[in-house]
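A.B. asks: Need the complex rebuilt from these two chains, each delivered in its own frame; the hints are there to steer you.
Going down the list, the protein sequences come from chains G and F.
Counting in this note's numbering, the first sequence runs from 547 upward without gaps.
Counting in this note's numbering, the second sequence runs from 192 upward without gaps.
Hints are supplied without guarantee of correctness; some may be wrong.
Simulated coverage check for chain G against chain F, where a stretch passes if three residues somewhere in it have a Cβ under 8 angstroms from a Cβ of chain F [said to hold, decoys possible]:
1) 595-607
2) 645-653
3) 790-802
Since the hints were derived computationally from the structure, they do not count as laboratory data.
From the three backbone atoms N, C-alpha and C, an ideal C-beta is built for every residue, glycine too.
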Amino acid sequence: MPWLSYQKALNRALADAMAADETVFVLGEDVRAAASTVTAGLVGRFGPERVLDTPLSEQGFTSFATGAALVGMRPVIEFQIPALLFLSFEQITNHAHKFSLMTGGQCRVPVTYVVPGSGSRTGWAGQHSDHPYSLFAHVGVKTVVPATPADAYGLLRSAVQDPDPVVVFAPSAALARREDTDLAALAPVPLGSGRVHRRGTDVTVVAVGHHVQDAVAVADDLAETVSVEVFDPRTLYPFDWDGLTESVGRTGRLVVIDDSNRTCGIAGEVIATMAERVRLAAPPARVTRPDGAVLPFSPELDRATQPSRAQLAAAVSLVVKERP
Amino acid sequence: MTASAVDSAVGLYRTVRLVRRFEERAIELVRSGDIVGGIHPYVGQEAVAAGVCAALGAGDLVTGTHRGHGHVLAKGADPARMMAELTGRESGLNKGRGGSMHAADFGVGVLGANAIVGAAGAIATGAAWARRRLGTPVVAATFFGDGAVNEGMLLEAFNLAALWRVPVLFVCENNGYATTMRVDDAVAGSITGRAEAFGIPASTVDGQDPEAVLAAAREAVDRARAGAGPSFLECRTRRFDAHHTFEHVVRLRYRTDEELAGIRARDPVDIQGARLDAAVRAEVDEEVERVLANAVEFALASPLPDPLTALDHLYASGLRPRPGSGV
Chain G
547 MPWLSYQKAL NRALADAMAA DETVFVLGED VRAAASTVTA GLVGRFGPER
597 VLDTPLSEQG FTSFATGAAL VGMRPVIEFQ IPALLFLSFE QITNHAHKFS
647 LMTGGQCRVP VTYVVPGSGS RTGWAGQHSD HPYSLFAHVG VKTVVPATPA
697 DAYGLLRSAV QDPDPVVVFA PSAALARRED TDLAALAPVP LGSGRVHRRG
747 TDVTVVAVGH HVQDAVAVAD DLAETVSVEV FDPRTLYPFD WDGLTESVGR
797 TGRLVVIDDS NRTCGIAGEV IATMAERVRL AAPPARVTRP DGAVLPFSPE
847 LDRATQPSRA QLAAAVSLVV KERP
Chain F
192 MTASAVDSAV GLYRTVRLVR RFEERAIELV RSGDIVGGIH PYVGQEAVAA
242 GVCAALGAGD LVTGTHRGHG HVLAKGADPA RMMAELTGRE SGLNKGRGGS
292 MHAADFGVGV LGANAIVGAA GAIATGAAWA RRRLGTPVVA ATFFGDGAVN
342 EGMLLEAFNL AALWRVPVLF VCENNGYATT MRVDDAVAGS ITGRAEAFGI
392 PASTVDGQDP EAVLAAAREA VDRARAGAGP SFLECRTRRF DAHHTFEHVV
442 RLRYRTDEEL AGIRARDPVD IQGARLDAAV RAEVDEEVER VLANAVEFAL
492 ASPLPDPLTA LDHLYASGLR PRPGSGV
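Next comes chain F alone, as it looks inside the complex (with noise of 0.2 angstroms):
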């Protein structure tokens, strides 16, 4: 099943898949209290992260955002040492370290996930510049919510990406809200209207269609690495689940009895699955049970990180900072 190409009807249904029943036993998880602090399931918009890495190389670039593990997965992080992160192990991505919206594999080109909306922008853009400047070029995806289209820093990040035409593409996942926020009384102008000012091409995807946005990406990533600098792509999507799992604890009411009736009518996983034999489909949720099984099994048997090593990390020189007691 492995053998797949990402790109592949195979391999995205395998990457939607492994993301969905990713977050379902991370939810799980947090629910049994092995997960603290609890995550921002990414549960509907699974194929705006499959989309996008499925075109995207090996060696690309990708930064993701608080409700990120779908971008971290979908990039080639080993699910294992992602649920190991979210349970605080030493064997996590991060040791530990990072959790649930700081996650980071730099080996299979996740500068991490970045909990601040919108900040992610310009550094994924500085990071593809400098790569066009080493003389290794890459392009860099860039996500983020509908929230951030009403960050400043983001904003900039588009003119600096458009002025100096850097091999970027900016993922808008528009799931309908920042929070509890609706977008359209977020939003003034459109969300495409803003990269469109900057010079820069955009189009609005269905975001629940794995192949659709892939298709899209692909557009963006070749024009990236022909040269043309950034492209802009807006998913529309559907957040299926809370925004965060203390909703599942404190009922937050945002949504209308209608909307969350039918917010699962067009699911990712279905809609990608229904393109395959269901055979094959079956031998991918196999696949993928066991995967996660594993995952599980090895995040909670794996030791927890001394405490003694708290401040391990914190500068790369290997500066000890001073303590916070003692002389």
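Isolated chain G, as found in the complex (with noise of 0.2 angstroms):
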């Protein structure tokens, strides 16, 4: 089989969704060019009638893409970097998300928001490296972060198809990440869905987005003294809680690890939301970002801000070290 990268599933979904349905069609910056890569080859094969070239107006066509989606298109926004979420978050939830309430349903608004690079790109400093999935989850935006090339092409499938406005936060740790795929078997994967990585009985790992990769590899390093269990929620807006509540009511304890700052990141609501559904064996522990971080820009800095390996490896022996 083929192997096929996170990008490149990016793409093909794209270009997928564009051909199944007339009224799909692309905008953001330097997309013709394909600046980012995922909309590479779209105009040449859609025209630039469905691969529209913005000007620097985030909060301009991120709204006009509200209005495009109001009269029945579904457009799909590439933000080039997460920060311009932080610019356009009053279109996407004062406006996109609310109007199906506020107009009683009368309406939807199918807006895909796609940012093919977020979190740290290393060395892009303060104002490129944010995750902000975390806020869209809190105000109801659906969010998804897929980890693996075949969930990037199905969960972005989903999110094009939605009659919701969905934000599809693709990592740039897990982009160039690649895996031998069956392209004929790629297929939407549901909103709302979680996967299990890696079977596991002593305790649940929790895993956003890129962390999925650095879970597993604990849970190798680990497996002669603990039996890890890797859930990916896929989708962290609706998350997956009956899943997540059969794979923690089965191992009793709880890791989380998330890429957002560790304050209402959504690592809190995972184990606040564990704790109201199960009896845990021991207290449960989560690896973020520190509160309230900024990236700074040296790499040595940058990576101390950020989730590793080694923390979820202590924050894992810690939690199984506790005995009922």
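C.D. replies: Next up, the structure:
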């Protein structure tokens, strides 16, 4: 089977979505030249009317897409850097997200916002390294963070087909990931369904996005002493609470690795919900960015503010040491 | 009466009269506690909505503002369902989920009142662009106040609309105040100069005269339909009443006594009414009273929404979010 990269999977998902539905179009900055590579080849295949290069007007073109969606189109916006979501946060959360309820269900706003290169890119410093997926989960905008190429394909396809706004975070640290893929088997992955990457019996590690790879690696490293289950929620909102409850119900122990700032990050919500639903055998733990993290430039400092495998291994060891 | 074309002299009068009396009845319902949260009365500005909407076709689109009742009614929404919306009823345009500041009626092309100043311009631009792309072109008119011309979002919309020659009509209702902020204290340069900077044809019109607004709007709509792109209309108008009905309780001093004394000197209802035969005018007035009596009765007799449905419509997909309590 061919090797499919995460980036190429996103590209393929966009092309397939555009081929399947005339109302799908892509807009954003430098999308014709495909600066991020995710839109490569689309303008040649679908023409400039469906691959719209926008001026640097993130707020303007975000609401422009909302308007287009209100009359029946399915826009896909590419944001080159995650911080642009701060700029367009109002347009997404206060308009696109609210229109279905505020109009009493008269309209739908099927816009997809894709960020190919969320989180740290190492060396891009304070204003290009954020990972604000928890913000969108907090306000209730559908939020997905695929970890693998096949999931990147499947979740992006589902996001575009969904009748509501969906933000797709494609972590920088996952973009280069490649996997042996049966291209014919690529298919939409339903929003709100988690995935167990590795079965285990002692502890459930919930890993978000690129940290799924870290969690699997740590699980392998610790395999002789601890049986770790790796749960990838894939969608942070709506979250697959039933799937996770089943996992944590079996293992009784919980660790979360999440590239959010600590306060109000999704890790806190995962722990709170499992504490409500499951009698845990030991206090849970989370590995996150520090509170209020601003990623410093120097690579040493950049790495020091992100969750690491060493921190995860330590957290797992601590949580399994506790006996009921 | 309803047989008169909306762009006829009688039709324009009916619209300004309907909006005026709707607002006055709504203010009564604010005072009686039937409308919770108050309203931003459109009293005084009726000629703008009436004139612009009379220049549009039934399939054309509009976006409104927090002071938006006039836009929704002038575009053809049912006053009874509008009043039911303001009183938070299940039978309201938005099933009681939107209220005064978010009233929408997609069936008549009202994509919604939008309560964030300057936010709807880009939405209207995107909608009009998309309808052209879909092969079913329409014109979109987007209303905003003088306060909005200092919002970056709106200036971004001007650029996109001009760049892509989108059939959109930007309608600035310059009533002289952004809440309490005088336009002269807020706007550097000129209002029309903002549009002109993007190459958008801009004109200033007497916003108290429905026929003057209609004539200017017609030109702009014709230009849009001919593929010439956006236009900008500054309608000089007066807000006779409060920014919001809370001012009926807490009086804010930002207009001089002289200004307040003369504020109703040019009343759009009288200006248009004077163009009609007295008997015709009286007939319209009676019809409007009947429509509004029915609207108030319908609203107050309509059932209130069931609290168990508070999360309905949050997601078009039907997703049920977790409730705020319980596991």
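A.B. asks: Mind listing which of the numbered hints don't hold for this structure, in increasing order?
C.D. replies: 3
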